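S.K.: Starting from the known structure of chain D, fit chain C onto it as the hints suggest.
There are 2 protein chains.
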Amino acid sequence: MISSMAADHAIWPKEDDAIFGLAAKAQEAIKKYGKENVIDSTLGALADDNGDLICMKTVYDELKSMPNACFAAYAQVAGQPDFLEAVQEACFKEFRPDAYIKAVATPGGTGSVRHTIYNYTNPGDTILVSDWYWKPYVTISEEFGRKVAFYKLFNEKNEFNIESFKENFETLLNKQKRLVAIINSPAQNPTGYSLSDEEWVEVINIMKENAKDQNNKIILFIDVAYIDFAGKENERRKFFKLFSNLPENILVVVGYSLSKGYTMYGMRLGAAICISSNKDIADEFYYSCSHSSRANWSNCNRAAMEVMSRISKDPAKLKAYEEEKAIYKSMLQKRAEAFVKAANEVDLEILPYRDGFFISIPCDNAKEISDKLIEQNLFLVPLKKGLRFAVCAVSEDKCKIAPAMIKKIMDEIK
Amino acid sequence: MISSMAADHAIWPKEDDAIFGLAAKAQEAIKKYGKENVIDSTLGALADDNGDLICMKTVYDELKSMPNACFAAYAQVAGQPDFLEAVQEACFKEFRPDAYIKAVATPGGTGSVRHTIYNYTNPGDTILVSDWYWKPYVTISEEFGRKVAFYKLFNEKNEFNIESFKENFETLLNKQKRLVAIINSPAQNPTGYSLSDEEWVEVINIMKENAKDQNNKIILFIDVAYIDFAGKENERRKFFKLFSNLPENILVVVGYSLSKGYTMYGMRLGAAICISSNKDIADEFYYSCSHSSRANWSNCNRAAMEVMSRISKDPAKLKAYEEEKAIYKSMLQKRAEAFVKAANEVDLEILPYRDGFFISIPCDNAKEISDKLIEQNLFLVPLKKGLRFAVCAVSEDKCKIAPAMIKKIMDEIK
Chain D
1 MISSMAADHA
11 IWPKEDDAIF
21 GLAAKAQEAI
31 KKYGKENVID
41 STLGALADDN
51 GDLICMKTVY
61 DELKSMPNAC
71 FAAYAQVAGQ
81 PDFLEAVQEA
91 CFKEFRPDAY
101 IKAVATPGGT
111 GSVRHTIYNY
121 TNPGDTILVS
131 DWYWKPYVTI
141 SEEFGRKVAF
151 YKLFNEKNEF
161 NIESFKENFE
171 TLLNKQKRLV
181 AIINSPAQNP
191 TGYSLSDEEW
201 VEVINIMKEN
211 AKDQNNKIIL
221 FIDVAYIDFA
231 GKENERRKFF
241 KLFSNLPENI
251 LVVVGYSLSK
261 GYTMYGMRLG
271 AAICISSNKD
281 IADEFYYSCS
291 HSSRANWSNC
301 NRAAMEVMSR
311 ISKDPAKLKA
321 YEEEKAIYKS
331 MLQKRAEAFV
341 KAANEVDLEI
351 LPYRDGFFIS
361 IPCDNAKEIS
371 DKLIEQNLFL
381 VPLKKGLRFA
391 VCAVSEDKCK
401 IAPAMIKKIM
411 DEIK
Chain C
1 MISSMAADHA
11 IWPKEDDAIF
21 GLAAKAQEAI
31 KKYGKENVID
41 STLGALADDN
51 GDLICMKTVY
61 DELKSMPNAC
71 FAAYAQVAGQ
81 PDFLEAVQEA
91 CFKEFRPDAY
101 IKAVATPGGT
111 GSVRHTIYNY
121 TNPGDTILVS
131 DWYWKPYVTI
141 SEEFGRKVAF
151 YKLFNEKNEF
161 NIESFKENFE
171 TLLNKQKRLV
181 AIINSPAQNP
191 TGYSLSDEEW
201 VEVINIMKEN
211 AKDQNNKIIL
221 FIDVAYIDFA
231 GKENERRKFF
241 KLFSNLPENI
251 LVVVGYSLSK
261 GYTMYGMRLG
271 AAICISSNKD
281 IADEFYYSCS
291 HSSRANWSNC
301 NRAAMEVMSR
311 ISKDPAKLKA
321 YEEEKAIYKS
331 MLQKRAEAFV
341 KAANEVDLEI
351 LPYRDGFFIS
361 IPCDNAKEIS
371 DKLIEQNLFL
381 VPLKKGLRFA
391 VCAVSEDKCK
401 IAPAMIKKIM
411 DEIK
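As you go down the protein sequences, you meet chains D and C in turn.
According to my numbering, the first sequence is numbered sequentially starting from 1.
According to my numbering, the second sequence is numbered sequentially starting from 1.
Okay, chain D solo, but in the shape it has when bound (with noise of 0.2 Å):
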């Protein structure tokens, strides 16, 4: 009688998905005293005022009037050429970085956070991620057998907290020779901060002066799935100009997902997008991250990879595409900010908000706070050290009269 066949390292706890577990209670909810009377703030995908999930007229115009043989042809395994040009376009408008730039297309941002830990680390070895965190960063890195250590995000003034990323980075970089670091900016996940441009110089001078010892090789993965409903215009991605001409042993690797710029979370397109100032790095980036797609996912999705190389190609759709955003991103920022203005209202701390689909609340007994919440129909997603509302998911309305709930029931907790 034998109950295990899976490798040592390929045993997981029998547990479903806390989050998607809560978003059925919320429909169940939802179901049971209707919608005006539910607060779902559980899964991060844009929701307009009525709860139902956005899809961007522009680009499913355009995907349903696409050829058969778009969806049904094989794309190549590195992604296909137009769209590969199309995505560095779309991530860097007009702040490409002068360096050698190789983009390879992913499942999601998903699939280039895997391909950058998997292929920039040895087992064992230990990667960098804030306090604060997505939690597949965690879930990557234990799936191959690589550990995590975390930054505390913010400082005592609720500031990036360069102190203590540069104590963590550099005692990593001291042992292993070697780090992958992430950071996930814009618009964070789960607590919508987004480095200023300050910052930004700040973790580059940290990166170079460790760069001088030429034994160190530093592999910076920023993670900007949300950057496109991040800041005014396009100021979110200055920061990319930072990337010119760095030291040769740093590799940065930029993980963008169409997920949510594009509304197209379930047709899982993204790219993993390298800047090197060595050409010989950027094309290793290149083939390395190529053989990976080849033994996991082969190729990916062609009909999304279509509907953006032609919106990016054709200007007037590029035009009427980037206009239905706008409406989006003002949306939501409305949102966040009732949600932040009633915060302060009713003295209810929360970190510093800058962009993005989620707001976070510290507290010591989020599960707690969470559960007594479910009982008054609000929705929300404990997290170790906090509470994270989905304000994309959210109408203004009830991003007004969520806060006093929350801090209600802390209060009542405490």
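These are computed hints drawn from the structure, not numbers from a lab.
Since we're looking at a predicted model, the values are computed, not measured.
Do not take every clue at face value.
Same chains, same label: a pair holds when it works inside one copy or across any pair of copies.
What the hints assert, rightly or not - Below are the DSS-like pairs computed for lysine-lysine, each with C-alpha atoms no more than 27 Å apart in a straight line:
no., residue 1, residue 2
1, LYS367, LYS14
2, LYS93, LYS319
3, LYS317, LYS64
4, LYS241, LYS31
5, LYS319, LYS64
6, LYS25, LYS319
7, LYS14, LYS279
M.R.: Positioned in the frame of chain D, the structure of chain C alone reads:
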């Protein structure tokens, strides 16, 4: 001055995909000399007699009629529940084995191979594959630091070489106590061979004999990517019944793909379906693969899942889909018959073809012959042990003339 940043295990030759290169050359030739004067037998996708990709109308009419939210929403990590039911139905039809069965969505068949190899072997282990093989089995194994051993697919009578399979299987299992063995049947890529039900019984008997040692963990991966174009009616699914009530230390994983059967190559959807006599082992498979999915691609193409579920649930749609598929299956079988007949007429030696997209011609100097054939505008894929002709992509008329062209060049070179 450094020239590499990747970890040692992630550095690969800077080579582009050879088949895509050939296919591009064939397209150039078509532009120059006209479709009627070129035989493009490179890519493994079903094309009509005009050389255009076949996109099943029943599939794409359904796809394009779906609400945008079916494309936009995230799917669950393991796959939508109704898809996971539909895919088992489509895979097994009336031959579902009596066992615990669990499925997990994967991007095409590739994802199911990678999940099985990664989760059921240890680094340094050797995977067992036949000597005529789909190259990505090796790419995947190498990516994860696994080795590959080859058994001879055919004996001197051109039947499945059960002796070679047994010998290699037992050698590896005795050494490793854990083995992933891959059988690509029915409609093997690249030979078109399908194991007979009697041959399957022999394979299972070898597994059962070796399962008597409770320390052995036997994992059989069956790649059925081409099953929807194999045999008459569902005869090529009968063998699934043989996996009922196996010893608990035999785990069968079936890799099912929607690429061919639904002409959705570029949409990247398939499933890894496990068969076990032990509920815990089936659950372990589900959670192990779910963890891997979360850590590699997060979730799969939602719209592709939805199409299969919708067709599967609606008897009228299912009937229309099956009827359309039957037309293409019949077209494919006629092409293959024409090729086999013409090969016999000119004494061109081919490997025993039963079903599917490809026919193989054994020879020692495949690259040289392929190069000469390119000069005559016949494009096929040179492999280590021979040439792969894609009947899926070539009209019946061209299938009739290709064998003589190949035979002539082979005779000239000898």
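S.K.: Looking at the structure, which of the earlier hints fail to hold?
M.R.: Per hint list: 4 and 6 violated.
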